[in-house]
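Undergrad: Chain by chain, the residues:
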Amino acid sequence: MKKTILFCFLFFTLKISNAQETFPVNGAWDIRPGQYAFTNGTIVTSADQTISGGTLLVKDRIIEAVGKDIPIPKGYTVVNLDGKYIYPGLIDAYTTYGIPEQPRQAFGAGGFGRVIVPVSTKPGAYGWNESIKPEMNAKTVFHGDAAKGEELKKNGFSTVQSLIHDGIARGTSVVVSLADERDNLVMLNDQAAAHYSFSKGTAATNYPSSLMGSIALLRQTYYDAQWYKTQKAEYNISLDEFNRTQNLPQIFEVTDPQSILRADKIAKEFGRHYIYKTDGLEYRRIAAIKATGSEFIIPVNFPEPYDVEDPIDARTVKYEQLKNWELAPTNPGVLEKAGVKFAITSYGLTNARDFWTNIRTAINSGLSEKQALNSLTTIPAEILGVSGKVGTLTKGKLASFIITSGELFKPDNIIYENWTEGRQYVVSKMNIADLRGNYQLNGTGFANTTLIISGTPGVYEASVKRSGTDSTRTRGTITRNGDRVSIYFDYKKSPEGIIRLSGYIASASPVTLKGDAIFPDGSLSKWTATFTGAASASRSSQDTPKPNASVGPVIYPFTAFGNTEIPKAETVLLKNGTVWTNEKDGILKNTDVLLENGKIKAIGKNLSAAGAKVIDATGKHISAGIVDEHSHIAATGGINEGTQSVTSEVRIADVIDAEDINLYRQLAGGVTTSHILHGSANAIGGQTQLIKHRWGMLPEEIKVAGSDGFIKFALGENVKGSNNGPVANNSALRFPQTRMGVEEVYIDAFTRAKEYKAARAVKGSTTRRDLELDALVEILDNKRFITCHSYVQSEINMLMHVADSMGFKINTFTHILEGYKVADKMKAHNIAGSTFSDWWAYKSEVAEAIPYNGKLMHEVGLVTGFNSDDAEMARRLNQEAGKAVTYGHMSEEDALKLVTLNPAKMMHVDNRIGSIKPGKDADIVLWSADPLSVYAVAEKTFVDGVLYWDIEKDVEKQKAIAADEARIIQKMLEAKSKGAATQRPTATRRRLYECESVEEDNFVVADDYTEMERAKQAAREARDHNEQ
Amino acid sequence: MKKTILSLGGLLLGISFSYGQANISPAKPQAKPVVITGATIHIGNGQVINNGYITFVKGKITGIGEGAAPSVADADVIDATGKQVYPGFIAPMTTLGLIEIEEGARGTVDDTETGDLNPHVRSLVAYNTDSKVIPTVRSNGILLAQPTPNGGVISGESSVVQLDAWNWEDAAYKKDMAIHLNWPVAASGRERRGAALPVPGVVQETPAQRAQKKIDEITSLFEQAKAYTEIAKPTVTNIRFEAMRGLFNGTKKLFIIADNAKEIGQAVAFSKRFGIAAVIVGGKESYLVTDLLRDNNVPVIIRETQALPDRDEDDVYLPYKLPKLLQDGGVLYGLTGTGFWRQRNLPFEAGQAVGYGLTKEQALSMITLNNAKILGIDKTTGTLETGKDANLFISKGDALDMIGLDVETAFIQGRNINLDNLHKQLYKKFSDKYGLKL
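In order, the protein sequences belong to chains X and U. Per the numbering used here: the first sequence ends with 1025, consecutive numbering throughout. Per the numbering used here: the second sequence ends with 1229, consecutive numbering throughout.
Take the hints with a grain of salt, since some may be wrong.
Claimed, not checked - Listing some non-contacts, in silico: residues in chain X with all C-beta distances to chain U over 10 Å: (1) 241; (2) 335; (3) 411; (4) 481; (5) 760.
As the list claims (entries may be wrong) - Stretches of chain U that chain X covers, calculated by requiring three or more beta carbons in the stretch to come under 8 Å of a beta carbon on chain X: (6) 893 to 903; (7) 1085 to 1099; (8) 1106 to 1113; (9) 1144 to 1155; (10) 1212 to 1220.
Claimed, not checked - Heads up, incomplete: computed chain X residues facing chain U, CB under 10 Å, no partners named: (11) 307; (12) 658; (13) 664; (14) 714; (15) 821; (16) 839; (17) 857; (18) 879; (19) 932; (20) 958.
Don't read these hints as lab results, they were simulated from the structure. Glycine is no exception: its CB is placed at the ideal position from the N, C-alpha and C atoms.
Using the sequences and the accompanying hints, generate a full structural model.
TA: Here's what the structure looks like:
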């Protein structure tokens, strides 16, 4: 270490002290020694060491010495910092300082139609997808930006990381100092880190259009990069650079904790260690965050309070937003307490001036000053590999430091100067009088008048008070320029109009101001202001909120109806109900069910169990939890990767959103298990995920462990793109456009898959691993199972033929609206049918969909179920099953199985769920009435014996939410009345997916999709506007 | 009850003679008196008659009561012992008969005209009596409907039709009785996904400003229309204003689609200002302004109970509870389902409210008497009372419940209508293919 520092020292003195050797000079050379001695200050060399009355010696760009009793050599400019402080210059670990904006690609041309961009259009030997651009190097585009640099320097930063904020693989970043120098002189690390995100950014390539597509692409890129090292056929700059940058720190931009966990899964899968730049919401899942073992870069862009005066408008603010306003400032403190290593960035602040206010808010909310300093100095230095140069005030490091009036984190501290690499930048002049205070104003027209100057030395505020018979008080405006001041104000009465004062600082101690005044009528007078004492509490009190003891608890998940504590499995005895066993016992009256350790323990009459919670089910019905074979809830960032006809590499498992309120709402309809499917935009969609409605758990925890893998296929109009909007250029439509073409998509895909499998099987094969084909091989090997969206009989028949000829099986036809027409053929292939109860007429291919479909398939002997494909219908699947009684008079016992045991069979989990049988999972619903009836209310829903839905507790939760909202709103109103800036409520509604909504889902960019939605909305509005 | 459900008989009665839609003919006028006996009769106004009878002659109800029916000469007597009799359900605000296939078949879509202000376009003339959808809805007890135009700000005018007719003239039950207005939505952010991004060449307005502009436009239209209609025969005819005459002379109602509490408030004030009889349609937040609605006699047509709440914070059952909230608030409320084919679920949409506060008879009133009142047809239908049209049906079980609904016989204006439909026919066809005895 010592050696390194020494080396750096030499390196820099040689390179820098002689200015830039290679550049010619116009006129005489002007090399200054840059030798300074800062004396008598309190020097905080790091969070661990403070030297009072110390000396800091700077020679050109380097700290020559720091300590007590250091002799000052001759030739040094001495700066006496009596009473002032020196801190290491701060480091912002995440900025786009000096990086040009990436031009956003048009997402449509030729009106609002689409452009098909299947592969990269970037010239050169780059990779196929524009969002993977590890070849981008910030060092080649960096150019110092004086205005932005000043903004950072005012906040005390002297060093920043700059990155190209665009794409999934974003290339390398630089670490630069903010010295106002030629670009050649500020570069501290020209390859600081490799950057990643889930957002495709400006890439024009259509793929990926979803978050799961982004993840799949990144995963495939890791495999491709490994393969690239072993082959000689292809030259690919992107893959080459991807490999080359693997040894740098890997920084991944994510958002909320679920997003962090998504990235962390990739890290673990490929043996990577990511550093996460987050949205600062880690407090919501701190244990899981800590468990990643990663370092973090967190923002302090805490939300402003909302405008909540109008109770109707306030309703649009989500509970989550209210709570976040209160809890976001606790985030740094929470991370500190958990022992997570993190740097703080000013990135994301709308207004750079909020930085210090927010840092102090964080400190009032639990962050220690020591941690704050480390998170702004040594930790970012370490993360970015520049510890040898910056982060502490140590001999040999760069002379990057700030001079402050007092302790850095105290509310009234002033940053006077920011020295970057020995270059002085004055934020606020230090050796001039602080003007704040009360003054007696004397002069003609100023009888009984007090002038109050408050604010900060950077931004003064003035007010004027007149006492006596004509008493009044008004706010004025004051500007200081060096020794000159100008003040103006308007009494509004006697006289009416603006009075202007201009003057100068006549004496510094005590401060006396003198000058001339011009009255509204043009008359002149002389004035003098004499300091009489310190101003009382200034407006800046709002900048320093009091430590806030009373913040609400974190809830799981962090949304309405979240739990303060995750509920646990109990021993429960349901007494004397009507039990729909779904087993050969049928429907048993006056029967008890015992739940223990998450399983069904016993069924029978007069059961008893010590310590069990007893629930009287007299007059009520008990059934197995509802299983929805076709759902699109609890997934985020789009459920269709419809940009290619085959996307078997994308996985719903990667994008599970365990915080979807619909998980809870559906528990309130008795749903306990849902099969989350990719949409139906393409012939071979993505891999699916079976989940249980474990409200409050993490995405990985709601997955049904050990269940078989499934994949979504689709037939029909969606695959053909029939109902999509206008396309810019008809010749560039995605294949297929007919049912003829659909068949060939399958033939082609499985032909490739078979050849791939054979090629990979050869010993020592160098065949590139292809995740798309891997999934198809799994199908061929009976390790992955197909659920295929289907409507009309011709195509259903076709796929069965393709399956036969290519040697794979179809597990389930989902939707299968014309299943009744080919039920015999499906039976021969042992394929299950999961349909709607009664949907039809919503498009051409359902013109002959009938509500007797389920009944007919059932009678022919298929495993038959009803599914929802809809977040609303899902919570009434019991009623949908009831419609099998309406249409076709199916027996009630069989009807209930349509939404419980039969879908469990389809998902190969009927050994665990779907019926009430000892040993099976305790997924149980207590209904107020016959579960098939429109009158049935799900009163309690257990998943694995845990009571996740209880109609009585729900009432309590609603009351608690209302009370908590009211409490927070009171706080917000208080904050606003104290002058805090506010924001207008603009809550957005959660996006609901169903597999039919292809058009909406196409061209939606992961994580950027809200923005894209806005752009689409704007486009629609523009179109509407033009039409009018 | 159970027995009824399990007996598979009756359902397919009448199918054997009718294959293919072309064979489902409108029924002949009632020739002979009909007497239904022994039934549980749901009047539609909250009352139930157990073991009751009902008689109707030439399309009108002539008698209703408990116990044995009075003898009626030459009558067809239907023994409905153990069965339920209901007034025909009424589906307001629907596109039934205006759309045959929703997507991908534009030629069958006739509910949305181009342009913003179309008070003059009439849904009645686009109502397709030959739609294959209508019989599937009718066979669930929906006997009257209000095919309604969509789109723009003023979508057009609607009529009430009965669902067994050769053509729209026959079908018309109450002509051109309402004009439909979509109240401008000042996006609360929940309606629109965030603020619009700037688009070159388009002046940016806030959603509230945009909505206000529309409201100003509508207000101006109504002011001018009102002035225009003060003259019986203006020299220059404006067919938009002519269509609006009825609004100002009380022969037409203004149906205003508004969900948000603020917008409902604006809409009520607007209708008051012009002295127009208004109906709020949608009314998701109407429960927040029940006093306003009650005090101004403005009824609400709820659009679906089977819906998700708008806000994550809302009671998860809020849409199920909305009817009860309006009941308690003293507001007159009706109910419709969504779209066209889904109207066959209208009874279940009503039944949905029963688990969440309404009584069964109140739920029934929503889709019978209340809808009739709101549509202004309660003098002739909506309840089973002497003098009203014999719009009624017999169900084996509880018609609001999926495990009860089983319409055996239905009458529209006394005509015994054919309850066959495409779905029953295909069911029969494929049962035969597989040799199933159903």
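Undergrad: Would the hint on residue 821 (chain X) stand, with a C-beta cut-off of 10 Å toward chain U?
TA: 7 Å, holds
Undergrad: Hint residue 714 (chain X) vs chain U: min CB-CB distance below 10 Å?
TA: Since chain U brings a Cβ to about 6 Å from residue 714 (chain X), closer than 10 Å, the hint holds.
Undergrad: Does residue 958 (chain X) pass the interface check with chain U, least Cβ-Cβ distance below 10 Å?
TA: At about 6 Å, which falls below the 10 Å cut-off, the nearest Cβ of chain U leaves the hint on residue 958 (chain X) intact, so it holds.
Undergrad: Examine the segment 1106 to 1113 of chain U for residues whose CB is less than 8 Å from any CB of chain X, and state whether their number is three or more.
TA: As far as the segment 1106 to 1113 of chain U goes, the hint holds, because 3 residues have Cβ atoms under 8 Å from chain X.
Undergrad: Are residue 839 (chain X) and chain U close enough, Cβ to Cβ, to be under 10 Å, as the hint says?
TA: It holds, given that the least Cβ distance between residue 839 (chain X) and chain U is near 4 Å, below 10 Å.
Undergrad: Can the segment 1144 to 1155 of chain U be counted as covered by chain X under the rule of three residues or more with Cβ-Cβ separation shorter than 8 Å?
TA: holds (count 3)
Undergrad: With 10 Å as the threshold, tell me whether residue 481 (chain X) passes as away from chain U on beta-carbon distances.
TA: Fine: 41 Å to the nearest Cβ keeps residue 481 (chain X) off the interface.
Undergrad: Please check whether residue 664 (chain X) passes as an interface residue: C-beta within 10 Å of a C-beta belonging to chain U.
TA: 9 Å, holds
Undergrad: Beyond 10 Å from every Cβ of chain U: is that where the Cβ of residue 241 (chain X) lies?
TA: Residue 241 (chain X) clear of chain U: closest Cβ-Cβ about 37 Å, beyond 10 Å.
Undergrad: Classify the hint on residue 932 (chain X) as holds or violated, based on whether any CB of chain U lies nearer than 10 Å to its CB.
TA: Interface hint status for residue 932 (chain X): holds (5 Å vs cutoff 10 Å).
Undergrad: Once the closest CB in chain U is found, is it more than 10 Å from residue 411 (chain X)?
TA: 37 Å, holds
Undergrad: In terms of beta carbon proximity below 8 Å, does the segment 893 to 903 of chain U have 3 or more residues touching chain X?
TA: holds (count 4)
Comparing the model with each earlier hint shows no violations; every hint is respected.
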